[in-house]
Amino acid sequence: MTVRTVIFAAGLTAILWVGCGANGPQPAVRSNAAEPEIERRIRYYRARVAAYPRLYPAHNRMAAALLARARLTWSPRDVAHARSALRRSLDIQPNFEAFKIMAALHNFAHRFDEARQWAVRAADAWPGDTEVIALLVEAYVGLGQADKAAELLPAEVGDDFYLVSARAQWLESQGRRKDAASMFVRAAEIAHRVGVRDLVVWGSVRAAGVWLDGGEPERAQPYLTRAKRLEPGDRQLRVHLAEFMTARGHPKQALAIYEALLEERDDAFVHHAAFLVARSIGEVARAGVHYRAAESAYRHVVDAGEVYTLESLARLYGQARLSLGQALTLAERNVRYKKDRSAKETVAFIRSQLDPAHTL
6 MTVRTVIFAA GLTAILWVGC GANGPQPAVR SNAAEPEIER RIRYYRARVA AYPRLYPAHN
66 RMAAALLARA RLTWSPRDVA HARSALRRSL DIQPNFEAFK IMAALHNFAH RFDEARQWAV
126 RAADAWPGDT EVIALLVEAY VGLGQADKAA ELLPAEVGDD FYLVSARAQW LESQGRRKDA
186 ASMFVRAAEI AHRVGVRDLV VWGSVRAAGV WLDGGEPERA QPYLTRAKRL EPGDRQLRVH
246 LAEFMTARGH PKQALAIYEA LLEERDDAFV HHAAFLVARS IGEVARAGVH YRAAESAYRH
306 VVDAGEVYTL ESLARLYGQA RLSLGQALTL AERNVRYKKD RSAKETVAFI RSQLDPAHTL
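Following the working numbering, the residues of the sequence shown are numbered contiguously, the last one being 365.
Please note that the accuracy of each hint is not assured.
Straight line, CA to CA, 30 Å or less: simulated BS3-like cross-link-like pairs of lysine-lysine [claimed, not checked]:
no. : residue 1 : residue 2
1   : Lys183    : Lys153
2   : Lys233    : Lys349
3   : Lys349    : Lys183
4   : Lys349    : Lys153
5   : Lys344    : Lys233
6   : Lys233    : Lys257
7   : Lys183    : Lys233
Label pairs and their computed distance ranges (CB to CB) [what the hints assert, rightly or not]:
no. : residue 1 : residue 2 : range
8   : Arg297    : Gly163    : 33 to 39 Å
9   : Gly238    : Glu44     : 48 to 54 Å
10  : Ala261    : Trp131    : 28 to 34 Å
11  : Tyr49     : Ile286    : 16 to 22 Å
12  : Arg346    : Gly310    : 37 to 43 Å
13  : Arg304    : Gly254    : 29 to 35 Å
14  : Ala309    : Lys153    : 42 to 48 Å
15  : Arg253    : Ala309    : 36 to 42 Å
16  : Pro159    : Leu235    : 28 to 34 Å
17  : Lys153    : Arg202    : 29 to 35 Å
18  : Ala290    : Ile97     : 41 to 47 Å
19  : Gly163    : His255    : 22 to 28 Å
20  : Ile97     : Glu44     : 42 to 48 Å
Hints are computed from structural coordinates only; laboratory data are not their basis. These numbers were taken from a predicted model, which means no experiment stands behind them. Yeah, the Cβ is synthetic: ideal placement off N, Cα and C, and Gly gets one too.
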């Protein structure tokens, strides 16, 4: 289980823009290329809601922009402000767009049962919306209810990007790596046909991630090569390249990639991964710096009352063999919200660290 898997295990909608225009929901440009655009949207909709406080669509779009920024920064403040904006929208007028963004927000925040409830309301308001189906699949996967997720997916998902992506995530949750990778490639092919290069990169990188998580880096390499050819600066691509380097026995190159990413933007996940690699090559001081940065960032989220870094913080303590009693408390608290395989494996991992006789 990689650190990336722990953090992004239920991240289907991380690459989707949860707006609803005249032509229905549209895939967004991924966050790596959109940071200035996200800030522009936040400023614009902040001004709109100040000028027109009862314009409920503006509150929705403000929330969506804050969620997009939270995906970059993991900021609990942005999550809280997005929730507040959506509640204001719903107080003014119950509406489909707010239901859907609320579902995406709660999936991101690892409050999967609440996400499920909001997605059901969205589905009742607009039956057949495939992005809502994808949000429901994500929620059920996060709840460890894979059978219910499967019931939502048609036998043939066709060329619908949302359904193909949701099926890929479901297959991955079932450990069906070959089928999951093929479905992520299919999503990339759909994106290629409609000319959305960022989603071509996303599908290729996710396919690579399936094989990296399965311990078969040589099968990940072609997908990484394709993504690098299209967008060499893509952040998630570079994270996966670092994992590939680690798996192939080049930890120093992996650490260099992680630290280059950190020069661009602070990131708890990257610090966590860098800690593990630095420790593996005996770079004790560097490992300590990255450990403390990851712990602080994860703890900041938990202290703000959010739960989406509980599992990552528990894993960090377990991997460092520090604060193991606290790690078990965190892992057991996490599994009340997130009940998938990685959450349960984290509890078992921490218990194995507390009791060497306990085996995973």
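The hints, checked one at a time:
1. Lys183 to Lys153: Holds. Lysine 183 to lysine 153 sits at ~22 Å (cutoff 30 Å).
2. Lys233 to Lys349: 34 Å, violated
3. Lys349 to Lys183: Roughly 23 Å separates the two Cα atoms, so the pair holds.
4. Lys349 to Lys153: 19 Å, holds
5. Lys344 to Lys233: 34 Å, violated
6. Lys233 to Lys257: Given that 30 Å is the threshold and the Cα spacing comes to 20 Å, the pair holds.
7. Lys183 to Lys233: 21 Å, holds
8. Arg297 to Gly163: 33 to 39 Å: 48 Å, violated
9. Gly238 to Glu44: 48 to 54 Å: 19 Å, violated
10. Ala261 to Trp131: 28 to 34 Å: 47 Å, violated
11. Tyr49 to Ile286: 16 to 22 Å: At roughly 46 Å between Cβ atoms, isoleucine 286 and tyrosine 49 fall outside 16 to 22 Å, so the hint is violated.
12. Arg346 to Gly310: 37 to 43 Å: Violated, since arginine 346 and glycine 310 (Cβ atoms, about 26 Å apart) do not stay within the stated range.
13. Arg304 to Gly254: 29 to 35 Å: 33 Å, holds
14. Ala309 to Lys153: 42 to 48 Å: 30 Å, violated
15. Arg253 to Ala309: 36 to 42 Å: Given range 36 to 42 Å: holds, Cβ gap about 38 Å.
16. Pro159 to Leu235: 28 to 34 Å: Taking Cβ atoms as reference, proline 159 and leucine 235 lie about 30 Å apart, which means the hint holds.
17. Lys153 to Arg202: 29 to 35 Å: 34 Å, holds
18. Ala290 to Ile97: 41 to 47 Å: 54 Å, violated
19. Gly163 to His255: 22 to 28 Å: Since the Cβ atoms of glycine 163 and histidine 255 sit about 41 Å apart, the hinted range of 22 to 28 Å is violated.
20. Ile97 to Glu44: 42 to 48 Å: Hint violated: Cβ distance 25 Å, outside 42 to 48 Å.
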